[in-house]
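If you're matching them up, the sequences are chains A and B in order. Sequential numbering from 1 applies to the first sequence in the working numbering. Sequential numbering from 1001 applies to the second sequence in the working numbering.
It is possible that some hints are incorrect.
[To be verified] Here are some of the chain B residues that sit facing chain A, going by a computed Cβ distance under 7 Å:
1) L1154
2) D1156
3) G1167
4) A1168
5) G1169
6) V1243
Hints were generated in silico from the structure; no laboratory data involved. Glycine included, C-beta positions come from ideal geometry on N, C-alpha and C.
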Amino acid sequence: MANTAETAAAPGTPVVRLDGVSREYGKASGAFAAVSDLSLDVPRGSFTTLLGPSGCGKTTTLRMIAGFVRPTSGRILLEGADATSTPPEKRNIGMVFQSYALFPHMTLRDNVAFGLRTRRIAKPEVLRRAGEALELVGLSHLADRRPAQLSGGQQQRVALARAVAVRPSVLLLDEPLSNLDARLRVQMRQELLRVQRETGLTAVLVTHDQDEALELSDHLVIMNGGRLEQQGAPREVFPAPANRFVAEFLGYQNFLTVPGHGPVTVRPEHTRLLADGEAAGGDGVLLDAQVRGVTYQGSHCLVEVAAASGDGEATLHCLHPGDDVRPGARVRIALPHRHLVALAGGAGTEDR
Amino acid sequence: MIRRPFLTLLAAVAFTIMLGPVVILLGVAFTAGSTLTFPPEGLSLRWFGAALAYQPFLDSFRTSVVVALTSTLFALALGIPAAVALHRGSLPGRRVLENLFLSPVIVPELVLGLALFQQIMVGLHSTATAALVLGHTVLLLPYAVRVAGASLALADPRLEEAARGLGAGPVRTFFSVTLPVMRPGILSAAILAFVTSLNNVPLSLLLTGPGVATLPVEMLNYVQSSFDPVVAAVSVLLLAGSVAVALVTERLVGFTKVFGR
Ligand SMILES: Nc1ncnc2c1ncn2[C@@H]1O[C@H](COP(=O)(O)OP(=O)(O)O)[C@@H](O)[C@H]1O
Ligand SMILES: [Mg+2]
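Extracted from the complex, chain B is given alone in its bound form:
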């Protein structure tokens, strides 16, 4: 390796910035003291116990999981056909559509949330959960289209023709060739969408109603009134969950390599 002191320093700074808060979070979560202070005053698991005993966290976690699962499913159900149409169809104006699917990423989510809030909750008297699911579906759709579509973009566009030439009609071709070829992309999209929904704050903040909140929103409420380390313990639990999901993703990407091309 060539020595590059400047680059090494930059990398060290970057890692410190990235990992510093995590180290502090871990320290605070495992503290035996009763304030959000660092370094911790002794080690204990008491705040994890407190977190799991706090009913609003349990309720909002359930809401979060339900919303994340449902909106992921909806986003995939809409996103997979859209990805196929974008990559395999001969749609006029494909570019425009592709950019349209990217737009929720560009449009600030708060604006989107506000619009949905007014239109749906006020206008249609819909439930908070329904509004959350709808909002998150819109939020996740671009991920579903892009990530699920990536595996199609990489696959040989002649695969479907090969199937047709061998006597399979369009429907059979879709289920026996297109969908299996997209499988790794669909799995990645599902995981990415689920985690994105689970961690979302801005959109959820606007769509939560009386008595219904997602976990991140409930955490935000909690820190506004108390300063004990319970929130740190919840964050560590969420972090552990995300790391587990990342590891699963890694396994699935490895899986893709076995399939190869």
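Excised from the complex, chain A in its bound form:
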């Protein structure tokens, strides 16, 4: 497939720019904001992911980019031009719906060719490109079937082929893997990544699955309650969550206040559980604690302790390599300075 890697290499205008975009629902009196004052850039050639819990406004954001939902305020720029009131058919997008939305009365070939036929492309070229797109997802041999005759995974691939066939300026994916069973879902992640790389397309993925987001994206946007919480490369965001919401969403479990640090979080694998008299070694914070529970997990144990922290007692989860601690035991917990992640605003344990 001819790709747009040349343009991807060139830095410049973001493919999509949201400029203070809001979307409200309901009457003016009791208006509810599905998305509030959201500003973000989708870098060219990137695999950008909108990650957040259900109902945080991800789909609404994606549908505003596609043109199916009009923002109540703010601007949407596509390829640098204001597209806030451009209808979807003029936006040159490729969208993969959660339900796939394949045309039931058309063969796979006609499904994939649909977007090419609306573009006044010569017939032989339409067929060639539809064939290429089906080839890309490995379904050429089923081109004459109808969607109802396919498995969920195959339908998913057709939906992807249909969206990439038009060479959109941005590929929009709304939880495309959520209707697949667990094993297929993990396989399809790499498939999705391969298609995005081979086509050189810019992609925006919506998901509530943090593993999926971390594995796929090179730009991560974390949302909560219609607002942006944090964005950046997964390798930057994951080790340094900005606040408690992001930390919890990325799987951090330990929240405490340490004198001289304020509210912090630390991952279970970065804590050290010291037996009586064992030296801490290296610099770090030492806390007295009592073991509450031990969960055996083969290569290690997950130990839950009640630790005396700056603002009273905190529950910590510690990864411990041995199987030598029992509930009730008095221990000390060492937290290395370099693994303590400072959290902004209202990160206290009581602030749930």
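Add chain B with the ligands to chain A, keeping to what the hints say.
Using the frame of chain A, we list chain B with the ligands on its own:
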């Protein structure tokens, strides 16, 4: 199977009630005798011959078919856009409209017919056929909206968005996605509407004028003056026609399964 004597008995009673008249009708229609009696006095096809030779039946059958076809077409032409608006539009007060489309089913048809009779035939001096077509269109509209709309209600509402996203404008989306997706529903609606119009008595009774009648109305006129089995033979012919239509419907429903979702 678990034995349920009471249920079995109920089912037997139900089938007897439903099929009993049909059996009697068949017996009377094929009789060789000359009165409406059961059991038949020998077998013959003479009353079918008589029915097909009776000019008023032939004329009224033609009227019935013309009225049924025309009003079905009108009902679909109005009902399909209405169904799309109800299921896909963001109309305010969708519920109210939906109930409005159901209303002719609730309002007794006689009242409706009387109203139309007075307004149109007397007020506008319109022809009986025009009044029949108009009345039947109103009668069939709810079926058209509901049955044609059913296939839309079942279809993924994202289909139209998918088409728009792929570059199709609203008109192209309607003709290349919405309408084909509704096809099985439209076919079912057409058949249901046609049969409903063909069999209607109360509305037609009020809208028929001098020299113009639908077949059921003509049959009603006939039994009021004679007691020979001709009417039974006509009924059997109508029944055979309806069964044929039902079989076609079954085939079309099977067709829907091939399309699937
Ligand atoms: N058309 C709509 N009318 C009213 N509320 C809506 C509409 N679409 C979305 N919402 C609300 O906006 C919020 C965000 O929805 P959505 O964008 O679908 O979230 P997500 O995709 O992150 O789960 C939800 O609370 C949802 O109920
Ligand atoms: Mg969603």
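task: Please flag the earlier hints that this structure goes against, numbers listed from lowest up.
output: Per hint list: 1, 6 violated.
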